[in-house]
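Peer 1: Could you slot chain Y onto chain A? The hints should help.
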Amino acid sequence: MKLNFKITMILTISFLAISSAFILVSLSALGRNQSDNIALFKNEFVETNLESFQNSSDLFFSYLNNEISEGKIVSQGDAIVFAQKLDPSIENIILIDIPHKNFLDGVNPKLTALLDAETLSGFENQWTLDATQNDFAVDNMDKFAAGDASITPARIRVKFYDKLGLIVGYGKVFETGKIRIQFIQQQNQAFYWNYLMILLAIFLLAATLIPLFSILFMKKAVVDPIKRLNAVTQKITEGDLTKRANIVSRDEIGELSTSFNSMTEKLVDSNRNLEGKVKELSEEHGRLSSLVESVKLGVVMVDLRLTVILANSAAKTIFGKKLPKDLSFKDISEKIKGSVNISQALSYYVHAGKPLNIQEVMIGENYYRLFMSPVRDIVEHIFIGAVVVIEDVTEQKKLDKMRTEIVSITSHQLRTPATIVKGNLEMVLGGDVGKVTKAQRELLDDTYLGNERMIHLINDLMDAAKINEGKLVFPLEPVRLEDVVDEVVKENVPFAKEKNVELDFIRPSAPLPMVKINSQRVKQVFQNIIDNAVKYSAVGDKGKVEVGVTEDKGFLRLSVKDNGIGIPKADQGKIFERFSRGSNSTKLDPGGGSGLGLYIAKAVVEQGGGKIWFDSVEGKGTTFYTTFPIN
Amino acid sequence: MSESMKKILIVEDEEGIAKPLAMKLRLSGFEVENAYDGEQGLAALGNGKYNLILLDLMMPKVDGFAVLGELKKRGDQTPVIVATNLNSPEDVSRVFELGCTNYYVKADTTLDQIVDNARKTIK
Numbered sequence: 001m002k003l004n005f006k007i008t009m010i011l012t013i014s015f016l017a018i019s020s021a022f023i024l025v026s027l028s029a030l031g032r033n034q035s036d037n038i039a040l041f042k043n044e045f046v047e048t049n050l051e052s053f054q055n056s057s058d059l060f061f062s063y064l065n066n067e068i069s070e071g072k073i074v075s076q077g078d079a080i081v082f083a084q085k086l087d088p089s090i091e092n093i094i095l096i097d098i099p100h101k102n103f104l105d106g107v108n109p110k111l112t113a114l115l116d117a118e119t120l121s122g123f124e125n126q127w128t129l130d131a132t133q134n135d136f137a138v139d140n141m142d143k144f145a146a147g148d149a150s151i152t153p154a155r156i157r158v159k160f161y162d163k164l165g166l167i168v169g170y171g172k173v174f175e176t177g178k179i180r181i182q183f184i185q186q187q188n189q190a191f192y193w194n195y196l197m198i199l200l201a202i203f204l205l206a207a208t209l210i211p212l213f214s215i216l217f218m219k220k221a222v223v224d225p226i227k228r229l230n231a232v233t234q235k236i237t238e239g240d241l242t243k244r245a246n247i248v249s250r251d252e253i254g255e256l257s258t259s260f261n262s263m264t265e266k267l268v269d270s271n272r273n274l275e276g277k278v279k280e281l282s283e284e285h286g287r288l289s290s291l292v293e294s295v296k297l298g299v300v301m302v303d304l305r306l307t308v309i310l311a312n313s314a315a316k317t318i319f320g321k322k323l324p325k326d327l328s329f330k331d332i333s334e335k336i337k338g339s340v341n342i343s344q345a346l347s348y349y350v351h352a353g354k355p356l357n358i359q360e361v362m363i364g365e366n367y368y369r370l371f372m373s374p375v376r377d378i379v380e381h382i383f384i385g386a387v388v389v390i391e392d393v394t395e396q397k398k399l400d401k402m403r404t405e406i407v408s409i410t411s412h413q414l415r416t417p418a419t420i421v422k423g424n425l426e427m428v429l430g431g432d433v434g435k436v437t438k439a440q441r442e443l444l445d446d447t448y449l450g451n452e453r454m455i456h457l458i459n460d461l462m463d464a465a466k467i468n469e470g471k472l473v474f475p476l477e478p479v480r481l482e483d484v485v486d487e488v489v490k491e492n493v494p495f496a497k498e499k500n501v502e503l504d505f506i507r508p509s510a511p512l513p514m515v516k517i518n519s520q521r522v523k524q525v526f527q528n529i530i531d532n533a534v535k536y537s538a539v540g541d542k543g544k545v546e547v548g549v550t551e552d553k554g555f556l557r558l559s560v561k562d563n564g565i566g567i568p569k570a571d572q573g574k575i576f577e578r579f580s581r582g583s584n585s586t587k588l589d590p591g592g593g594s595g596l597g598l599y600i601a602k603a604v605v606e607q608g609g610g611k612i613w614f615d616s617v618e619g620k621g622t623t624f625y626t627t628f629p630i631n
Numbered sequence: 001m002s003e004s005m006k007k008i009l010i011v012e013d014e015e016g017i018a019k020p021l022a023m024k025l026r027l028s029g030f031e032v033e034n035a036y037d038g039e040q041g042l043a044a045l046g047n048g049k050y051n052l053i054l055l056d057l058m059m060p061k062v063d064g065f066a067v068l069g070e071l072k073k074r075g076d077q078t079p080v081i082v083a084t085n086l087n088s089p090e091d092v093s094r095v096f097e098l099g100c101t102n103y104y105v106k107a108d109t110t111l112d113q114i115v116d117n118a119r120k121t122i123k
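Chains A and Y supply the protein sequences, listed in that same order. The numbers in our numbering rise by one with no breaks, and the one at position 13 of the first sequence is 13. The numbers in our numbering rise by one with no breaks, and the one at position 35 of the second sequence is 35.
The following block holds chain A by itself, in its conformation from the complex (with noise of 0.2 Å):
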């Protein structure tokens, strides 16, 4: 049963009770009065004068009119006042109407009859003759009235009905304008109190027993299970995630059980899986710190007001702080001294979302590259700080500085051998230390040829590891490109025709203007470009290499085209790197070069302005192209 239907049933039954109780009360107090009344009575009959009984609705008056001439009554209260003038003790007066118990309505008063004030006299209730129930009395009445002979007296009978419709007394009209009223209420006295009396007793019992029967109720189908119910709620907030509800109950508080209980479960399954998250969580949360610890850069968060939040034992070392967590910002920005402004940069940074590298910094006496990252929020993906990571450069630098030292002192190393080698064999080639004989000669050209190269790789090797560095720099000044451009060709002319290439060099009928460049260096450039033309061109009987210099938009353009073996198309994207050659050059260059010359050539070219680029087809030929700014 629901909740609420036992609520209602309550509440009903508790208001039936009461207002039962209401109406004995009432009734009581009725009842009481009654009695005194009918105490006047003793069962005796009153006889009552009907004497002008003919005209029913001026009945009343034309009875009146026997004593007072003139009057109409309209109400009770009007009757009492004509009453009292017959009698001044008469308080209350009863009205009979027949067959309206309204006779103050005046609208058929057939039949009214009017007990005499001394008869009536201390009543206080209003007595009515009932003649919808007394048809016959009342038409028996009507025609005695009339002077019908046939009615006698003793037939017409009038029964007399309190407000309640309990018959109160029984009237005979016995002669022409007489009745004569037998009262029986007694009988009613008695009735009223015993019925008073039930009720009463079943209202006392209701009374006591509602209550009673509510808080029985309440307390089985409400307290009782509300208790076990905290109970276990109460066990489940301890941590027995074991406890379950056990209330079987097909109402709210049976439902409340059972989603208590499922919610319980859910409680259960989400503790489950909040376990697996907090240890998963945990131990990313480990592996994350192990990894910041571990690793040998320093790495320090700050948030957005430069707060450091975060540094590693790395970071601490070289701020020289006994705990990262000790670490402020003050102490790293009052480190990094010169020419970054580390708050400066970090708030621009941390604002502004971008990544920052700044190369090298001073610490005490070491030298740090410092990685600035802002940090944006996983979920929200707003910033929240930046990330600074620490890189001790020193050992690098001091590698570096070596490295360009070994490098120096190497070529320098490397070429003095190679320059005594150089010297002698051209004294003893040049005949100046006695006659050659032609295989001495040939021997000797390879050496001396082999000298040059290992000359040259040096060179090379020395240029590439200063690009590699920064360094490659050079002065620059005004020059006539295509007299470098016609000095080359011609130095290349000999050896074109030893590999039977056909070498040409169109010359502008018309001086170009000057262009800013390192005559050496690009000699150098274009030494490299015309050899591998010369080189890849001698194929067959028809190699041919053709060198021409325009004025292009600002610029001088050197054009080197070829007829040669071309560069393959998987080549071509690195040909300007270290250590690149054709995949198909070696044939031709069996001795190969260092693979340095175009990288070298580009940077070289790219340091004066320009740019150096190729189109090349495998099989066909390659024309290879530089600029040159005009200034």
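It cannot be assumed that every hint is accurate.
[To be verified] Derived Cβ-Cβ restraints for the label pairs, each shown as a range:
{"hint": "1", "chain 1": "Y", "residue 1": "Q77", "chain 2": "A", "residue 2": "K497", "range": "43 to 53 Å"}
{"hint": "2", "chain 1": "A", "residue 1": "R507", "chain 2": "Y", "residue 2": "K49", "range": "45 to 55 Å"}
{"hint": "3", "chain 1": "Y", "residue 1": "T78", "chain 2": "A", "residue 2": "T317", "range": "53 to 63 Å"}
{"hint": "4", "chain 1": "A", "residue 1": "K542", "chain 2": "Y", "residue 2": "Q113", "range": "29 to 39 Å"}
{"hint": "5", "chain 1": "A", "residue 1": "D483", "chain 2": "Y", "residue 2": "K49", "range": "35 to 45 Å"}
The hints are simulated quantities; they were obtained by calculation from the structure and are not laboratory data. Everything numeric in this text was worked out from a predicted model, so none of it was measured. Quick reminder that beta carbons are idealized off the backbone N, C-alpha and C, glycines included.
Peer 2: Just chain Y, lined up with the frame of chain A:
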């Protein structure tokens, strides 16, 4: 004045480099003297007069830069061609500041080119 009258001082610590160079210059008609470090070079320069100095840079005791500095200090006007294998732009600009006339990279220069250059410089 015949070329045999022209006197060249080679200041070069590497004998293997100095020897063929001296030979070639002599064969080309110059009078040649060798010094094998900066100290010897400066000593020789204090004793005699030369038309040209071929000066190495990396040498024991007194290096080429020091020799140039000393010559500048002495007000010696003898033309100097610096012969080096260092070939760094810094070194090149430094030797020109110190008053050298010309310079070449030994490994990249033939004896004939050196002779040519010497002739042009002395003229």
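Peer 1: Next step is simple, just say for each hint if it's right about the structure.
Peer 2: How the hints compare with the structure:
{"no.": "1", "hint": "Y:Q77 <-> A:K497: 43 to 53 Å", "in the structure": "46 Å, holds"}
{"no.": "2", "hint": "A:R507 <-> Y:K49: 45 to 55 Å", "in the structure": "47 Å, holds"}
{"no.": "3", "hint": "Y:T78 <-> A:T317: 53 to 63 Å", "in the structure": "59 Å, holds"}
{"no.": "4", "hint": "A:K542 <-> Y:Q113: 29 to 39 Å", "in the structure": "35 Å, holds"}
{"no.": "5", "hint": "A:D483 <-> Y:K49: 35 to 45 Å", "in the structure": "39 Å, holds"}
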